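Chain B: place on chain A using the hints.
Single-letter residue listing:
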Amino acid sequence: MSAKYNGYAGKILYVDLTTKTATWKPMDGYMEWVGGLGVGIKILYDELKPWVTPYDPANVLVFGTGPMNGTLAPASGRLSAHSKSPMTFGIGSSNAGGFFAPELKYAGFDHVVIKGKADRPVYLWINDGEVSIKDASELWGKTTWETDDIIKSDFGDPGIQTLSIGAAGENLVRGACIMVNKNRALGRCGLGAVMGSKNLKAIAVRGTGSVEVADPDRFIAIVDKMRDSYQESKVIDSFKALTSICAVPGKAAYGGMPYKNFQDMSIPKEMEEAFNPEIIMERNRESQTGCFACPIACSPHYYIKSGPYAGLRTEGTQFESLADFGCKLGIADFDFCIKATSYCNQHGIDVDPVAEAIAWVMECYEKGLISDTDVDGLKPVWGDAGVALELMRKIVFKEGIGNVLSEGVARAADLMGENTKYYAMHIKGQDLYEPLRFSIGWSLGTCVSTRGGGHTTGAPVCEINGKIDDEKAKQRLGVDTYNKPLSYEGKEKLVKYYEMLNRLNSSMGICIYATDWYDAVLPGFSELTELFCSATGQEYSVADLQEAALRMLNLEKVFNYLHAGFDRKDDYPTQRSMEEEVPSGPVKGFKLDKGKWDELLDKYYSMHGWNTSGLPTRSTLLSLGLEFAADDLEKYSTQNRNY
Amino acid sequence: MIITSNNCTGCRSCELACSFHHKKKFQPETSSIKVVQKPKSRSIEVFDIPNGSNNRCDKCKGEVEVLCVKYCNPAMRDELERLIKEL
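Protein chains in written order, with our numbering: chain A, 1 to 643; chain B, 1001 to 1087.
In isolation and in its complexed conformation, chain A is listed as follows (with noise of 0.2 Å):
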């Protein structure tokens, strides 16, 4: 491998399902772009023109590893995918754990980019190298898991990783996501869908290869420091001991959990004893993993003992889960979750939309705007567990309401009726996990997010973090009101830190748990810099790799613009978040402000070099040596993009 490619496998994989060929082409005239979520956006930009549409054969798909992928660096087996998103029809991207990404770079390559569309089920096969295409009619149909299995059995090969989309993928349900492995997924974004509108069923893995480091002494010294700093955090102790359902307390002493439907931020004490961490994990957990080559090991493998559910033997159901299957639909009972979670899991669907879906059928019954007869003779109350499941199993197999409810809650209401859209929770189009009347940067961050909501491209968590270290969070945030989740000060430098901080994580391959939007004693920004400049051999300073993260950041913000038009008007939180106040617990009276956010988008606008319509000027462009995608934005500003 040529010392040029330090870090990287050096090639990229081109795959065209229509004409079933594979080519690979060199690195070079991506590696500015860093690697993972930058390398994928920018392949996103070059090969996607705005009338695309996502279930086109045109739209492309993209798989990406970065520079930190199979090597000892912390928390490293971080995988990015990218595409026009069915949710949004703007930026799609997500991000997951798992082996795959590192798998990917033994057998030789950094991305692979899907285009075209097979003319039956396919799955694709990379083997040190060498890639095929191969029939998949026998795998249509099965579950992720089943997928997995059958795939390393058929090659004997324990060592195979794999992609795989369930049933919610091949019926196109919208918010259908792309499994890693069994129980890590690429969520957000519909991503599973694209896969499916291409007949795509898996992507499995084999490499004997290795990833070679400019400087292997300087590179193990900042692995070491790294790992060192794990040993250094409570969060890090509170998280490993109780993954991240260990936010419960906290959460609940803040105020952010979203009952019902967000209806209240706050959530019933016997609600609160249901999911207490410490109880759960006596009871369910039979032990607890991690990611390739992570330090923390924040995944729980659990076992259902007794109850409707018994049985259940599964990895994962974290506090997303809890937040969106427990509080959300008012079901207290961490059981349910996990077998919630272990649907989805298995029929490739995100855990957001499903919980987001079902959490508005149950809040427009209880106001009387849709009846039994709209959900096929249900009767969907809240706390009603078999309920849920089964609008869960109509929403993946599209029967009945399932149809509705699989294009997504925005879609769904649009459908359903004028007086049904209030109630549905979404951001730019795309369902909405993410409580925001209780913390100001976390809100923000969430609802400027380019791939609509999601709280890992720039949501501060800091701003709740009790455990936190305020003298060195204040030290590299340089915003004093960082633990002050009602104040508007600042919080447009706090997003502005992450969005950078996540989009460096996503591009290099590390996990955000990994790094400083967890706990300000983690590493951040310098111990990235050393470990890539020690890694690929490039001196890169702190300041280039932060102007690389916004380069990324611009170019998302343009292709939102190009093929969704998402502007200002996109970019604020949900109506009930500005209209009703919080009605009880920590935070009750609060809600956010019109004004008071105009005020702060003008902020966070100006802060970027952005105009008052939250697009990027051509002189910032420019700085970032995007003048083509200014060009771009000049000559389709005044075009309709509603195809």
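These aren't lab readings, by the way, just hints derived from the structure by calculation. Given the structure is predicted, the values throughout are model-derived calculations rather than measurements. Careful, some of the hints might be misleading.
Said to hold, decoys possible - Straight-line C-alpha distance at most 30 Å; calculated BS3-like pairs for lysine-lysine:
| hint | chain 1 | residue 1 | chain 2 | residue 2 |
| --- | --- | --- | --- | --- |
| 1 | A | K234 | A | K474 |
| 2 | A | K25 | B | K1025 |
| 3 | A | K569 | B | K1059 |
| 4 | A | K25 | B | K1085 |
| 5 | A | K596 | A | K484 |
| 6 | A | K142 | A | K305 |
| 7 | A | K134 | B | K1038 |
| 8 | A | K225 | B | K1059 |
| 9 | A | K305 | B | K1024 |
| 10 | A | K398 | A | K493 |
| 11 | A | K225 | B | K1061 |
| 12 | A | K635 | A | K496 |
| 13 | B | K1085 | B | K1040 |
| 14 | A | K635 | A | K49 |
| 15 | A | K4 | B | K1023 |
| 16 | A | K134 | A | K260 |
| 17 | B | K1038 | A | K467 |
| 18 | A | K472 | B | K1070 |
Claimed, not checked - Cβ pair distances, simulated, as ranges:
| hint | chain 1 | residue 1 | chain 2 | residue 2 | range |
| --- | --- | --- | --- | --- | --- |
| 19 | B | L1087 | A | D224 | 19 to 29 Å |
| 20 | A | V381 | B | I1003 | 27 to 37 Å |
| 21 | B | M1001 | A | D46 | 48 to 58 Å |
| 22 | B | V1064 | A | P57 | 25 to 35 Å |
| 23 | A | D154 | B | K1059 | 30 to 40 Å |
| 24 | B | K1023 | A | Q575 | 52 to 62 Å |
| 25 | A | D149 | B | I1003 | 16 to 26 Å |
| 26 | B | D1048 | A | G129 | 27 to 37 Å |
| 27 | B | K1040 | A | S487 | 46 to 56 Å |
Where is the CB? At the ideal position from N, CA and C, for every residue including glycine.
Here is chain B on its own, set in the frame of chain A:
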């Protein structure tokens, strides 16, 4: 030699560290240790003779410490150390 453990997190850092000892690059296929995920636990195999592309474990000759143990999670470290010593 193979052991099965519930304390192993399956992260494969040991494989990476081992291949780095042998080759100064990251290539699990050349490692002297192999971790396989089982339904309820992980199996950890250490090769005391060469096994295909897997190198023989030399107990990290020339290193300050045994690297697979160094990069193992604290709950598993003692079990792994015993396994290496027993080779």
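Checked hints:
Taking the CA atoms of K234/A and K474/A, the gap is near 17 Å; set against the 30 Å cutoff, the hint holds. Taking the CA atoms of K25/A and K1025/B, the gap is about 24 Å. The hint holds against a cut of 30 Å. Our distance criterion of 30 Å between C-alpha atoms is broken by K569/A and K1059/B, whose separation comes to about 62 Å. For the suggested pair K25/A and K1085/B, the alpha carbons sit about 47 Å apart, so the restraint of at most 30 Å is broken.
With a CA separation close to 16 Å, the supplied pair K596/A and K484/A stays within the 30 Å bound. For the hint linking K142/A to K305/A, the alpha-carbon distance of about 26 Å falls within 30 Å, and the restraint holds. Restraint check for K134/A and K1038/B: the C-alpha separation of about 27 Å stays at or below 30 Å, so the hint holds. A threshold of 30 Å between alpha carbons decides the hint, and for K225/A with K1059/B the separation of about 24 Å falls inside it, so the pair holds.
At roughly 46 Å between alpha-carbon atoms, K305/A and K1024/B are farther apart than 30 Å, so this suggested pair is violated. With a C-alpha separation of about 43 Å, the suggested pairing of K398/A with K493/A is violated against the 30 Å cut-off. Distance check on the hinted pair: K225/A and K1061/B sit about 23 Å apart at the alpha-carbon level, within 30 Å; holds. Restraint check for K635/A and K496/A: satisfied, since their Cα atoms lie roughly 28 Å apart, inside the 30 Å limit.
For the hint pairing K1085/B with K1040/B, the CA-to-CA distance comes to about 26 Å; that is within 30 Å, so the pair holds. A hinted pair counts as satisfied when its Cα atoms are at most 30 Å apart, and K635/A with K49/A qualifies at roughly 13 Å. Straight-line distance between C-alpha atoms of K4/A and K1023/B comes to about 19 Å, which keeps the hinted pair within the 30 Å bound. Distance restraint check for K134/A and K260/A: the Cα-Cα separation of roughly 45 Å exceeds the 30 Å cut-off, and the hinted pair is therefore not satisfied.
For the hint pairing K1038/B with K467/A, the CA-to-CA distance comes to about 35 Å; that exceeds 30 Å, so the pair is violated. Simply put, K472/A and K1070/B have alpha-carbon atoms about 28 Å apart, close enough for the 30 Å limit, and the pair holds. A C-beta distance of roughly 25 Å is found between L1087/B and D224/A, which places it inside the suggested range of 19 to 29 Å. Under the hint 27 to 37 Å, the C-beta atoms of V381/A and I1003/B, about 51 Å apart, miss the expected range.
At about 51 Å, the CB distance of M1001/B to D46/A agrees with the hint of 48 to 58 Å. At about 56 Å, the CB distance of V1064/B to P57/A disagrees with the hint of 25 to 35 Å. Distance hint check for D154/A and K1059/B: the Cβ-Cβ separation is about 37 Å, which falls inside the suggested range of 30 to 40 Å. In this structure the supplied range 52 to 62 Å holds for K1023/B paired with Q575/A, their Cβ-Cβ distance being about 58 Å.
Taken as a hint, the range 16 to 26 Å holds for the pair D149/A and I1003/B, whose Cβ atoms sit roughly 24 Å apart. In this structure the hint that D1048/B and G129/A lie 27 to 37 Å apart at CB holds, the actual value being about 31 Å. Against the hinted window of 46 to 56 Å, the Cβ-Cβ separation of K1040/B and S487/A comes to about 48 Å, which satisfies the hint.
The earlier numbered hints that this structure contradicts are 3, 4, 9, 10, 16, 17, 20 and 22.
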